[in-house]
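2 protein chains.
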Amino acid sequence: MRIFMVALFSVGLCWGEGTEGCKPSKLNIPGAHYPCVYPDGRATFHVVAPDAHQVQIRVVGQGFDMAKEADGAWTVTTTPLVVGFHYYTLVVDGVRVADPSSRTFFGSGWENSGIEIPEPPDVDYYLPKDVPHGQVSQRWYHSQVTGKWRRCYVYTPPDYDAGKARYPVLYLLHGWGEDETGWHTQGHADFILDNLIAAQKAKPMIVVMDNLNAVKPGEDGRIFTSLGRLPPPRPATPPAEGGQSGAPPVRRGGLAGFTGATFTEMMFADLIPMIERTYRVLPGRENRAMAGLSMGGMQTFLTTLANLDQFAYIGGFSGSTGGRGGAFDPKTSNNGVFADAAAFNKKVKVLFLGIGSMEGPGAKNFSDQLTKADIKNVYFESPGTAHEWLTWRRCLRDFAARLFK
Amino acid sequence: MRIFMVALFSVGLCWGEGTEGCKPSKLNIPGAHYPCVYPDGRATFHVVAPDAHQVQIRVVGQGFDMAKEADGAWTVTTTPLVVGFHYYTLVVDGVRVADPSSRTFFGSGWENSGIEIPEPPDVDYYLPKDVPHGQVSQRWYHSQVTGKWRRCYVYTPPDYDAGKARYPVLYLLHGWGEDETGWHTQGHADFILDNLIAAQKAKPMIVVMDNLNAVKPGEDGRIFTSLGRLPPPRPATPPAEGGQSGAPPVRRGGLAGFTGATFTEMMFADLIPMIERTYRVLPGRENRAMAGLSMGGMQTFLTTLANLDQFAYIGGFSGSTGGRGGAFDPKTSNNGVFADAAAFNKKVKVLFLGIGSMEGPGAKNFSDQLTKADIKNVYFESPGTAHEWLTWRRCLRDFAARLFK
Chain A
61 MRIFMVALFS VGLCWGEGTE GCKPSKLNIP GAHYPCVYPD GRATFHVVAP DAHQVQIRVV
121 GQGFDMAKEA DGAWTVTTTP LVVGFHYYTL VVDGVRVADP SSRTFFGSGW ENSGIEIPEP
181 PDVDYYLPKD VPHGQVSQRW YHSQVTGKWR RCYVYTPPDY DAGKARYPVL YLLHGWGEDE
241 TGWHTQGHAD FILDNLIAAQ KAKPMIVVMD NLNAVKPGED GRIFTSLGRL PPPRPATPPA
301 EGGQSGAPPV RRGGLAGFTG ATFTEMMFAD LIPMIERTYR VLPGRENRAM AGLSMGGMQT
361 FLTTLANLDQ FAYIGGFSGS TGGRGGAFDP KTSNNGVFAD AAAFNKKVKV LFLGIGSMEG
421 PGAKNFSDQL TKADIKNVYF ESPGTAHEWL TWRRCLRDFA ARLFK
Chain B
61 MRIFMVALFS VGLCWGEGTE GCKPSKLNIP GAHYPCVYPD GRATFHVVAP DAHQVQIRVV
121 GQGFDMAKEA DGAWTVTTTP LVVGFHYYTL VVDGVRVADP SSRTFFGSGW ENSGIEIPEP
181 PDVDYYLPKD VPHGQVSQRW YHSQVTGKWR RCYVYTPPDY DAGKARYPVL YLLHGWGEDE
241 TGWHTQGHAD FILDNLIAAQ KAKPMIVVMD NLNAVKPGED GRIFTSLGRL PPPRPATPPA
301 EGGQSGAPPV RRGGLAGFTG ATFTEMMFAD LIPMIERTYR VLPGRENRAM AGLSMGGMQT
361 FLTTLANLDQ FAYIGGFSGS TGGRGGAFDP KTSNNGVFAD AAAFNKKVKV LFLGIGSMEG
421 PGAKNFSDQL TKADIKNVYF ESPGTAHEWL TWRRCLRDFA ARLFK
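Residue numbers (this note's numbering), protein chains in the order written: chain A, 61 to 465; chain B, 61 to 465.
Heads up, some of the hints might be wrong.
One copy or any two copies: either way a pair holds, since identical chains are not told apart in the list.
[Unchecked claim] Below, in silico cross-link-like pairs of lysine to aspartate or glutamate (DMTMM-like), each with a Cα-Cα straight-line distance of 20 Å or less:
#1 Lys-276 - Glu-441
#2 Lys-208 - Asp-184
#3 Lys-208 - Asp-182
#4 Lys-465 - Asp-131
#5 Lys-208 - Asp-190
#6 Lys-128 - Asp-458
#7 Lys-128 - Asp-111
#8 Lys-83 - Asp-221
#9 Lys-208 - Glu-176
#10 Lys-224 - Glu-176
#11 Lys-424 - Glu-336
#12 Lys-86 - Asp-182
#13 Lys-86 - Glu-176
#14 Lys-86 - Asp-280
#15 Lys-436 - Asp-389
#16 Lys-83 - Asp-280
#17 Lys-465 - Asp-400
#18 Lys-263 - Asp-280
#19 Lys-189 - Asp-330
#20 Lys-261 - Asp-458
#21 Lys-86 - Asp-428
#22 Lys-83 - Glu-179
#23 Lys-189 - Glu-179
#24 Lys-391 - Asp-182
Since the hints were made in silico from the structure, they are not lab data.
It should be emphasised that the depicted structure is a prediction, and the values quoted were computed from it without experimental measurement.
Isolated chain A (complex conformation) (with noise of 0.2 Å):
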């Protein structure tokens, strides 16, 4: 017994029996009873920290502190929280860091926590069913562009490996600060996409969940992972702690160097053909769909809008607006292409644009002003939802049904 123990060791996990009515989340740690989540969608966290001097839970956007008790642990219930999932930290005498009690998932830029607020019961498009499942497979490949290996996540529908058919591919992109496994980790895009197909409201389709961050031999990666700020060796003071986990600490303009270029110079040059010599895929631009979320809805609309040749189902989801570059103007905006609007709506068979209804009017704008312009487009709005992965997950179920068909 003594060689198996050797890799052992305790934790501070939270091992507190579950209060009344408080069930443990679902992205727990298994045995975790915390943090645990109210019918109302309150939620208690519990950290046993007997000497630290303060700490906090932060999550959607708010702070809150933890209350020591007399056995040293730390413990808070919180407001109702929105459905959906949310990243949060916990904040240990000034350093944010994961709660231990939860499974970790990438988001901005780091491995963050991860609480689930269920929504009622009878909400289960992105949850396991008694339904054929495709499955999600991890591909590497070299990138000739960047000169390094690349991880993607590529979705196959139920019936792929049993069958000879051929099938159209979404190109689907994550946000600023998360990465190729957020998709499937956070968005359950696999369930979504097992029960439209299950419930044929989707066409079977591949999806293909690549890494937005594209960076050449010599080029100057850092816009990927802080948005253009530059780190300093070292930072003087901590992170501010009164503010909101949601504001952005990053200046105006930080995006001001992203075009772009490089991620659809690989996904041309190194992506798309591993993708179609690996997979039966089927051929043209009317089999291929590309949509993201966040900073990957803006590279979705640089790269769809500058190679309609290419695609012609383009969705964003809570990022359509970045694609624009400044003040929208329909005769010259991404170097023309709305300007025919009869030919653009010929060639785009689906031009969405989703968000939450908590994330303000930029997106509907756009879609209002695109509509003045002639141009079709789709508005999709997330009722009650930020900038959030609910919000995506509700925008994929919309779009994926759109397509191909």
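Once you have looked at the hints, place chain B on chain A.
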């Protein structure tokens, strides 16, 4: 731009310039200079924590106190660390957490940080190379035995998709506190197989990486999360600070209740049938191998030795001695499966006992006892490594090359 920024915030990451000659660990989050590793295996860690009172790094069973610098950053340089992958943790004022500068890896029941101390440049058997690559697929399936959805990862060899051939299958298990992600994330099983197959050192095979935790409704699952310790409602004291991180806090006999019976039942009722109806698999025991590390090695011995009609290849990596249950007696141990050596040797093509040289003599003693009882077995010792992933990568390389021949 406003909408796009909502989800962004800064964290207390380590943006320091790399110390001369110290290369960022390849397991860091993008853009993080620390931890970095010197050519001699020393590592420098760096955390911004101006308000903390005590900060420590715990890695390879040692605690390294960090020193506070004038700018509020804490830093420490370790003694030389052994090559390979190491879990590590950050301790901020007594709270063990993951270092926000590192990617996280599920081990010891939670999301640890990880650091990779590189082997010499010519050691590349677990790195991606310019050879044909297989893929690792995430496969969800519903278990009748546990009543739950389960996830496994399945490696299919490079020619699988393009061809029609059938392949033998290796079922490969992680260790205690880890999960089905371990073998491809920490272990690089996919690259190890890609490279072996390309060099014609291993037969092309399918590798199924499942989760060894399997609990029936109503069954006590705590053995998997706590090795049988009954977690107190709330621990009165924090984890001991002075001890080695590798020191076992569990009591002797903590695994006494572990029989592996539910996993074995689930494997035959749910997992193997799902694999064999989903993938192009060669039939029969001579095309089926099972191996595991640590607790997964125990599970392997428990499952296979009771079902030799189902498996011809058996591997225990740092876990092989756990399967015996008490003192070894070739006539009676494991229900007498070793009693007829000639019959055993005819059935079992490879019985593999792997161990790190720093783990103690248990596996060697077991191998010697088997040899004395005329049971053919392979004893494999990884030089200079302990109960860690480099031992298990080396075990897999050696074991996989012996299979299905």
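Results for each hint:
no.	hint	result
1	Lys-276 - Glu-441	neither (36 Å within a copy, 42 Å between copies)
2	Lys-208 - Asp-184	between (39 Å within a copy, 16 Å between copies)
3	Lys-208 - Asp-182	between (44 Å within a copy, 19 Å between copies)
4	Lys-465 - Asp-131	neither (61 Å within a copy, 59 Å between copies)
5	Lys-208 - Asp-190	between (39 Å within a copy, 11 Å between copies)
6	Lys-128 - Asp-458	neither (45 Å within a copy, 52 Å between copies)
7	Lys-128 - Asp-111	both (10 Å within a copy, 18 Å between copies)
8	Lys-83 - Asp-221	neither (38 Å within a copy, 42 Å between copies)
9	Lys-208 - Glu-176	between (35 Å within a copy, 19 Å between copies)
10	Lys-224 - Glu-176	neither (38 Å within a copy, 42 Å between copies)
11	Lys-424 - Glu-336	neither (35 Å within a copy, 50 Å between copies)
12	Lys-86 - Asp-182	within (17 Å within a copy, 43 Å between copies)
13	Lys-86 - Glu-176	within (7 Å within a copy, 30 Å between copies)
14	Lys-86 - Asp-280	between (39 Å within a copy, 19 Å between copies)
15	Lys-436 - Asp-389	within (16 Å within a copy, 78 Å between copies)
16	Lys-83 - Asp-280	between (45 Å within a copy, 18 Å between copies)
17	Lys-465 - Asp-400	neither (24 Å within a copy, 65 Å between copies)
18	Lys-263 - Asp-280	neither (40 Å within a copy, 43 Å between copies)
19	Lys-189 - Asp-330	between (35 Å within a copy, 17 Å between copies)
20	Lys-261 - Asp-458	within (10 Å within a copy, 48 Å between copies)
21	Lys-86 - Asp-428	neither (39 Å within a copy, 46 Å between copies)
22	Lys-83 - Glu-179	within (14 Å within a copy, 45 Å between copies)
23	Lys-189 - Glu-179	within (16 Å within a copy, 44 Å between copies)
24	Lys-391 - Asp-182	neither (46 Å within a copy, 58 Å between copies)
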